[in-house]
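Top to bottom, those sequences are chains A and B. At position 108 of the first sequence (counting the first as 1) the number is 108 in our numbering, and the numbers step up by one without a gap. To convert, take the position in the second sequence, counting from 1, and add 1000; that gives our numbering.
A couple of the hints might just be wrong.
[Stated by the list, open to error] Here are some chain A residues pointing at chain B (derived, C-beta under 8 Å):
id: 1; residue: F60
id: 2; residue: L71
id: 3; residue: F73
id: 4; residue: L78
id: 5; residue: I79
id: 6; residue: L93
id: 7; residue: P97
id: 8; residue: V151
id: 9; residue: V152
id: 10; residue: L160
id: 11; residue: E227
id: 12; residue: A229
id: 13; residue: V230
id: 14; residue: G286
[To be verified] Here are the simulated lysine-lysine pairs, DSS-like style, with alpha carbons at most 30 Å apart:
id: 15; chain 1: B; residue 1: K1192; chain 2: A; residue 2: K133
id: 16; chain 1: A; residue 1: K249; chain 2: A; residue 2: K133
id: 17; chain 1: A; residue 1: K249; chain 2: B; residue 2: K1219
id: 18; chain 1: B; residue 1: K1104; chain 2: A; residue 2: K322
id: 19; chain 1: A; residue 1: K295; chain 2: B; residue 2: K1104
id: 20; chain 1: A; residue 1: K220; chain 2: B; residue 2: K1219
id: 21; chain 1: B; residue 1: K1192; chain 2: A; residue 2: K220
Since the hints were made in silico from the structure, they are not lab data. All values derive from a computational prediction rather than experimental measurement. The C-beta atom is built at its ideal place from N, Cα and C for all residues, glycine as well.
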Amino acid sequence: MTPRHQKEAAVSAAALLAAHPGATQSAVKRRAIRMLRSPGNLQDSPFIWLAPAFAFLVLFYTYPLLDVIRLSFTNASLIEPDYVYTFNSYRRLFDDPNTLRSLKTTALFAAGSVTLQLAVGMALALAINAGVKRHLAGTVAVRTAILAAWVVPGVIVGVLWKILLSSSSYGVLNYWIETLSGQSIGFLSDVDLVLATTILANVWRGVAFTMIILYAGMQKIPAELYEAAVVDGAGAIAQFRFVTLPMLKPIIFIALVLTTINSVNTFDLILALTGGGPARASEVVGLTAYQQIFKFMNLGRGAAIAVLLLMVNLAMTLVYLKLMRADRVTE
Amino acid sequence: MQAIRLSTFALYAVFILAAGIFLFPLFSVVSLSMKTADEVFAWPPALLPESLNFATYRYVLQETLVGRMLWNSAQMTFFSVIGAIVISAPAAYAFSRFQFRMHKPLLLLLLVYQMISTLVVAIPLYRYFESLNLLDSHLGVILVYITVEIPFTIWLLKGFFDSIPQSIDEAATLDGANRFQILTRILLPLAKPGLAAAVIFNAIAAWSQFIVPYLLLSKPEILPISIGILNFAPGQSEGEVTIPYLAAASILALLPAVLVLVVLQRFIVQALTGGAVKG
C-alpha cells in the first residue's frame, strides 16, 4: 500500500464516520463490503470480468483443440479442400514403425534434457547461491550469461549450435577437437550422436529456468536448519544431502514436470538444428507432425500425431496438478 | 580460512566455466558474422575476425528482408503483449476478488491450457483462419499470440492482486469508485512489478513464436524473424559464403530478447523467485 492510498483510505473512513456519528469502525467496513457486493450491478458478476479472456480461449484454443481431434479422424490435406471421415490416420499411425521410433526419440530427448537440466541447474543454483552469500564479484554477470541463453528463440538456438558444431571450415570447435584428438566429431552427421547434440543444445537453452527456480527455493530454506547441521558437524556435502535436498523436494518435482512438458513440446530448436536427421535419428513427435503436414501436406495424419502429443501433455498436466496439491498440503 | 579461500577459488572456476559455456556459442557466431568470405574458408579457422567488420550486418539490414522481419516481430510482440494484459487483467481481478462456484475449476483449466503444445492448437488454425479471412494477416497471428499468453498472465496478475489487501478496495468503494476504477486506478498501478513481469515474459515468448506464424503467414514480407531465419539457412540457398550473413541475421534476431533480459533481469529474477512459477 502506498502512503497516498493509506491516506485516502483513512480520509474516506473518517468522512463516513463523520456522516454517521455512532458508527463503529467495523460498521464502516461492513458497509464498504456491502457496497462492493451491491446486487443488481452488472459489474458484480465475476463472469462479466472473465468473459473476454474465456472468449479468446474458447475461440482460439478450445475450438482448435476439438477441431484437431475431429481432423485426426479425416483424410484432410493442406491443399485439397474436401475430405471424408476415416480411421485411416490412426490405423497408419499405429502400423508405422516410425511412430514408435519418434515416440522413443521424444522420450530419450526429454529424459536426457530433464536429467541434465536438473543436475546442471542444481549445480549452477548452488554456485550462484554461494556466490551471492559471499558477495563474490561477477555472480550477477554469470547469472545473466546463463539467462541470456534462455531468451534466445528456439529456431535461433538451433542455428547457433549448427554453426558452432559445424564440421565445415568455419567450425572452430571441431577444429580444436581435431587438433587435440586427431579426429573431428560428427555432432550433426553421426546417427548415434545427433540426439545427444540436440539434448545439449536444449539444455544450454533451458537450464536457466531450473537454475532460477531451484535458486528461489534455496532462499526459502530457514538458516537455522544449516546452523543446526553445522552444530551436528555436517560438512558441505552432508548439508546438501540432509538439508538442501529434502527441503527442495517439492520444487524439484515441479521443475521435473515443467521441464518434461517443455522438452516433449520442443521441436523448433531441433528443426533448425538437424531437421530431424540424419536418417530421422533426431525426429521427435512434434517434428513428425510438422513434417506430415508441411512436407506431405497430410493434415489428417498430422492431426492424429498431434492428438497423441495432446494426450501426453494432458497426462503430464495431471501429474503436475497432483504434485501441486501434495505441495500445498505439505506447506 | 584456508578452506574458505579454496572453495572461493573453486566457485570462481565454476563461474568461469559456466560463463564460457553459455557465452561461447554467442561469441563464436558474432565472430563468424564479422568474417569475410576468404576468412570463412581459411584454414585453420581463426577464433576472431581480422577486423570489426559490420559489412554483413549492413548488407543483411539493407538488402534482405531481415530488417522488415525484425519490425514485423516487434509489431506482433508489442500488440500481443498489450492485448494480453488488457484481456487478462479483468479476469485476474475476478479470480482475485470474487468467490464463485467455478473459481477453482476455471483456474485449473487455465493451467491445462498452458501445458498444451501450441503445435496441437495451431494445426487446425490454417483452415479455421482461412474461413475467417485472417490468413496472411498480422491481426490473426496477434489474436492467437494473445490467447497463448492469457493463461500465464492471468495467473501472474492474480498472484499480485491477491497480495494487495481487500481493505484498499473497500476504502476506494467508500470514495465512490466502481470496480472498474478500482482495477484500473488502484490495483493495476499497485501491481506494477507484476505487469512488468507479464510484459517481459510475454514479449520473450511472442518473439520466439514459431509454429503459429509459420502456419498462418506465407508472404515473406510479413513474416516474423523467427521464420525468416529458417529460410535464411544455407542448404536452402546452398553455398557456404552465405554463412556470415546467416550469423549476422541470427545475432540481430536474438539481440532484442537478450537486451531486454540484460536491462530488465532484476524484474525477471524477482518474478521467477516470487512464486509466480509455482502458480
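### Task
Tell me, in ascending order, the numbers of any earlier hints that this structure violates.
3, 5, 6, 7, 11, 12, 13, 17, 19, 20
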